[in-house]
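Chains as they are written, first to last, in the numbering used here: chain D, 8 to 365; chain P, 28 to 99.
Calculated from the structure, these hints are not laboratory results.
Built from N, CA and C at the ideal position, the CB exists for glycine as well.
Hints may be right or wrong, so weigh each one.
Unchecked claim - Below, computed lysine to any residue pairings styled on SDA-like, alpha-carbon distance capped at 20 Å:
| id | chain 1 | residue 1 | chain 2 | residue 2 |
| --- | --- | --- | --- | --- |
| 1 | P | K90 | D | I11 |
| 2 | D | K329 | D | V35 |
| 3 | D | K29 | P | L91 |
| 4 | D | K21 | P | E87 |
| 5 | D | K21 | P | A98 |
| 6 | P | K90 | D | R15 |
| 7 | D | K9 | P | K90 |
| 8 | D | K9 | P | K45 |
| 9 | D | K9 | P | V48 |
| 10 | D | K17 | P | I99 |
| 11 | P | K41 | D | L265 |
| 12 | D | K9 | P | D47 |
| 13 | D | K21 | P | E94 |
| 14 | D | K29 | P | E97 |
| 15 | P | K45 | D | M8 |
Unchecked claim - Under 7 Å between C-beta atoms, here's a sample of chain P residues computed to sit facing chain D:
| id | residue |
| --- | --- |
| 16 | D58 |
| 17 | L92 |
| 18 | A96 |
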Amino acid sequence: MKFIDEFRDKDLAKGLLQNIEKTSTRPVQLMEVCGTHTVSIFRYGIRGLLPEHVKLLSGPGCPVCVTPNQDIDLAIALSRQKDVMIVTFGDMMKVPGSTSSLQKEKAEGKDIRIIYSSLEAIRIAQKNPDKKVIFLAIGFETTSPTIAVAILRSKEEKIKNLFFLNSQKRIPPALYALLQSEKLNVDGFILPGHVSAILGITPYQFIAKDFGRPAVITGFEPLDILQGVWMLIRQIEEGRAVIDNQYGRIVQENGNPLAMQKIDEVFVHDHAQWRGLGTIPDSGYRFKELYAEMDAANFDVEVEPPREHPQCLCGEVLQGIKTPVECRLFKTACHPENPIGPCMVSMEGTCHAYFKFS
Amino acid sequence: MCLGIPGRVVEIEKNVAKVDVGGIVRDISLDLCPDVSVGEYVLIHTGFAIHKVDESEAHETLKLLTELAEAI
Ligand code: SF4
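With the hints as extra help, turn the sequences into a complete structure.
Here is the structure:
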């Protein structure tokens with residue numbers, strides 16, 4: 008397929024690997040922020056191809072994994088209300104809340120459906136006027152504009168029975184929080200290509216300016232990742248720290264301004280709760296007044312107090328402090344069929360990737 | 028979750044495009060990426076085109092990587 012196959016070329020990959028080996032003289036730890044990168048890195052065996060002293064760590068870039076228990080518990084509590092239907096992306100179904108999951112609730116007869124696109128939520132709401140349809144909306148900047156479009160369209164078409172349980176997150180503030188942590192041991196960042204398709208380059212400048220770390224916006228094919236790693240290593244070896252862009256075919260300096268405008272039309276920035284990282288200022292969104300009637304957080308339901316499995320290390324895994332193999336539950340009690348933490352649920356969760364590929 | 032795949036626009040009607048992804052044609056919203064023409068490639072995410080693919084940039088990257096591989 009065009010723009011895919013060319014970026015999987017073996018000879019070009021070899022060339023990049025040799026250049027990496029030639030350039031790299033000292034141990035480095037690089038963090039791939041995005042879960043889609045984690046999957047590609049495992050699928051193509053990239054960790055094994057790199058020189059021993061170049062280590063890749065997975066970061067917090069899996070929207071399913073960072074969704075806190077209380078949001079899932081709220082969705083579950085809402086699904087138990089009369090005349091409510093929950094719609095959400097497939098990956099959310101198995102995520103364990105404090106005592107249940109959407110999948111379990113569905114098996115017990117609650118009306119919970121999987122959607123692929125935010126626009127399906129609109130069609131479902133139109134077809135089911137007797138139901139209150141609640142969209143458990145998760146995602147980073149890649150997905151948020153699509154959710155904003157659904158909100159705008161719902162308003163335009165005067166749909167009264169569609170609501171949004173907003174659990175979306177913003178990547179730059181999370182990186183800022185991560186960089187402030189003393190435990191972080193990362194020399195450079197592989198930045199998420201598709202989040203950056205929307206954001207552009209500017210919102211990441213603080214990584215280089217305030218924290219002196221290099222970062223490269225990177226695509227998802229093997230050649231993209233290898234080139235991203237090579238660009239990072241070059242910066243590190245040369246003692247530079249700037250935000251580079253490997254993924255020029257998709258990411259432009261100013262991203263996608265129209266998509267940003269859609270987000271800004273319906274939301275303002277607000278603090279948000281991340282699993283493992285706690286509450287991070289400005290890392291989420293709140294509805295603007297004009298759209299607040301669609302906010303499912305206004306529903307009056309009782310939600311159980313949040314409870315996480317005490318031995319699950321998902322929080323540390325998301326910060327690159329621990330790896331899944333350090334978790335006592337990994338591959339024993341916790342596996343994809345019976346995930347204990349969200350990092351084992353999503354295809355892009357670090358524990359899931361370790362389970363599948365190692 | 029942030030998965031995106033490139034596809035070629037084969038037809039446009041208002042803000043919806045028919046986009047060919049590896050031989051399968053799907054309806055894709057152009058709400059976030061309206062300035063595309065038939066024949067161009069877009070990156071698709073959850074039913075939306077979120078950005079155009081810049082062909083000349085793609086060729087530039089591949090050219091650079093070819094030079095790198097040849098220089099070894
Ligand atoms: S293996 Fe399971 S229990 Fe352990 S950190 Fe990962 S998700 Fe949590």
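- Sort out which numbered hints this structure fails and list those numbers smallest first. Every hint satisfied by this model.
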